[in-house]
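A.B. asks: So the sequences go chain by chain: A and B. In this text, residue positions in the first sequence follow this note's numbering: the first is 50, and each later residue adds one. In this text, residue positions in the second sequence follow this note's numbering: the first is 176, and each later residue adds one.
These aren't lab readings, by the way, just hints derived from the structure by calculation. It is possible that some hints are incorrect.
[Claimed, not checked] Each computed EDC-like pair below joins lysine to aspartate or glutamate, with the alpha-carbon atoms no more than 16 Å apart:
#1 B:Lys255 - A:Asp160
#2 B:Lys255 - A:Asp337
#3 B:Lys331 - A:Asp160
#4 B:Lys376 - B:Asp387
#5 B:Lys255 - B:Glu326
[As the list claims (entries may be wrong)] Chain A is faced by these chain B residues, among others (derived, beta-carbon under 10 Å):
#6 Ser212
#7 Val263
#8 Arg283
#9 Gly354
#10 Ala366
#11 Glu401
#12 Ala432
[Said to hold, decoys possible] Across the chosen pairs, the derived CB separations fall in these ranges:
#13 A:Phe129 - B:Leu414: 25 to 33 Å
#14 A:Thr123 - B:His265: 48 to 56 Å
#15 A:Thr123 - B:His206: 56 to 64 Å
Here the structure is a predicted model, which means the values were calculated and not measured. Even for Gly, the Cβ is constructed at its ideal location relative to N, Cα and C.
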Amino acid sequence: MQIYLPIAELPVSILTILAMGAAVGFLSGMFGIGGGFLMTPLLIFLGIPPTVAVGTQTTQVVASSVTGALAHFTRKSIDFKMGSVLLAGGVIGSISGIYLFKLLAAIGQIDLVISVVYVAFLSVIGAMMMVESVQAIRAARGGRATPRRKHHSWIHGLPFKMRFRRSKLYISVIPPVLVGYFVGTLSAIMGVGGGFIMIPAMIYLLRMPTNVVIGTSFFQIVFVAGLTGVMHSVENQAVDIVLGFLLVIGGVIGAQYGVRAAEKMPAEQLRALLAAILLLIGLRLGYDLVSTPPDLYSVIEAEPHS
Amino acid sequence: MMLRAAAVIVALLIAALPARADQLVTDLSEHQIAIRSNFTGTEILLFGAVEAARPGSRALNRDIVVVVQGPSRPMTVRRKEQMAAIWVNHDSVTYPSVPGYYAIASTRPLEVTADAETLKALRIGIENIDPGTPTARAIDGTLQILPPDEERAFWKALIRNKRREGLYINVPGGVTFLGQTLFRATVDIPANVPVGLYTAKVYLLQNGEIIDTISSPLYIDKRGVERFLYRMAHEDSLLYGLIAVFVAAFAGWLASAVMSRR
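Please work from the sequences and hints to get the whole structure.
C.D. replies: Below, the structure written as structure tokens:
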């Protein structure tokens, strides 16, 4: 069954979109991730214009992060103070990201930048996760303890310190604001929540306790993705409500099964699997960047004033 | 059914017309195409008749050419070049007025219908579209002047891309005569068609000379929910964005409410 998307201006199969939403939702429930970085490339492969894919994807991120944040709210595993500091950075990052997006679209380089940023992040994070999980699997087999992370002391030398009771931290607000800013910019350009960047940053850089990291990142993502979605609507008219709705429905259903499936799999193997998926998507996008395109020329409707 | 009704209308129109030179009488099966949520493309039927000046005379070398053209907009063609192994959009050429849709159908291939100058002067044929004066830009946005053959390559690429998308169509033999006077042509309207005011022009040619031309409007627009959402996204984009985000947030809340009940 086909449905015509009013903003993307093309017909798509409802079942394909629902299945994609469900598949990404399944992985997102399984790995506890937003899934935006999986969905945006899939939408682009399907022929949705990259601008619309990124803009629309923010609605799916809002839906899945609201579910995640609510679950962590009931478990009281959100550091609201840290979340707000991250959010402050995220808001500025999102706004500047939207304008960067617009500028890149105007000079014709947005598709390239989206692809390059995706390839860079997917391959780096995928490789890091793969190495870490393989080491952990080996260590578990060999009976050795996993190596302890080293301490970052330069963070403690920065000014504007603030006390975060929930995270048991007394650190400068500069690193979390910067982390938030960076993730907000990525959210606007990539259509992702940015949890896959923020969570490692919170653990390794800010040294937050792991039990509050995921809830706090969901809390930040709800608002940053919401703002990004509204901004993409206002500035680029790039949010397709019909596409977003279908993705959300598929995602919500898929996530339920993903959560259950994850309970049956050991955490380290799960992480290795996610790393493999990230690397595969990164490779595919990277191949598209370097392989000779079938037609070197592309046509796009120009802005009437430029 | 549609054809028979058309034939009756055409017959009535012929009867009402005074007979001088050969004249055209045409109409479209639809003057409005609505893009709704189930739109996956359609086709329109153009039909008509040639009202002969001297009834009974057998027409030789008579051709019908049908051109359906969509609204014109400025369009940019970009060419990728390999920079440090990566393919990057490099030079670009912007044309101020490019039809978003152009379909041409004729009784015989265009080359045998009329000579190249006539076709060029009348802008009949995909190769003869006039896109206005192009402006070429380098990767950094500065204006540059391209040699004519390079510029030609950009224009050819535009046509190639539009053909691939099914938006530029050329159907030699797409117009068929039913007997001596009646003719018909079907024109494909793909799903990715731009909205706006279209014109369907019919040319009657005799021995390569244009004898008569007739033009009818065709309006393609989004309707119903599609129209409502599209207009809202463009005119009330703040409200639209807020609704999109709140609906998503609500779905997320609903999911967690359902999950926690289990």
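A.B. asks: Are the hints correct? Go through all of them and say.
C.D. replies: Hint by hint, here is what the structure shows:
1. About 12 Å separates the Cα atoms of Lys255 (chain B) and Asp160 (chain A), which keeps this hinted pair within 16 Å; it holds.
2. Restraint check for Lys255 (chain B) and Asp337 (chain A): satisfied, since their Cα atoms lie roughly 13 Å apart, inside the 16 Å limit.
3. Distance hint between Lys331 (chain B) and Asp160 (chain A) is unfulfilled; the C-alpha atoms sit about 23 Å from each other, more than 16 Å.
4. For a cut-off of 16 Å, the pair hint linking Lys376 (chain B) to Asp387 (chain B) stands: about 11 Å separates their Cα positions.
5. Only pairs whose Cα atoms come within 16 Å are accepted, and Lys255 (chain B) paired with Glu326 (chain B) is accepted, the gap being roughly 15 Å.
6. With its C-beta approaching chain A no nearer than about 5 Å, Ser212 (chain B) sits inside the 10 Å limit, and its interface hint holds.
7. Satisfaction of the interface hint for Val263 (chain B) is found here, the shortest Cβ-Cβ separation to chain A being roughly 6 Å, below the 10 Å cut-off.
8. A cut of 10 Å between beta carbons decides the hint on Arg283 (chain B): the least distance to chain A is about 30 Å, and the hint is violated.
9. At about 38 Å, the closest approach between the beta carbon of Gly354 (chain B) and any beta carbon in chain A exceeds 10 Å, and the interface hint on this residue is violated.
10. Look at Ala366 (chain B): its Cβ gets to within about 5 Å of chain A, closer than 10 Å, so that hint holds up.
11. About 5 Å separates the beta-carbon of Glu401 (chain B) from the nearest beta-carbon of chain A, less than 10 Å, and the hint is met.
12. For the restraint placing Ala432 (chain B) at the interface with chain A, the shortest Cβ-Cβ distance is roughly 8 Å, inside the 10 Å limit, so the hint holds.
13. Judged by the Cβ atoms, the range 25 to 33 Å given for Phe129 (chain A) and Leu414 (chain B) holds: they are separated by roughly 29 Å.
14. A C-beta distance of roughly 53 Å is found between Thr123 (chain A) and His265 (chain B), which places it inside the suggested range of 48 to 56 Å.
15. For the pair Thr123 (chain A) and His206 (chain B), the supplied restraint of 56 to 64 Å holds, since their beta-carbon distance comes to about 59 Å.
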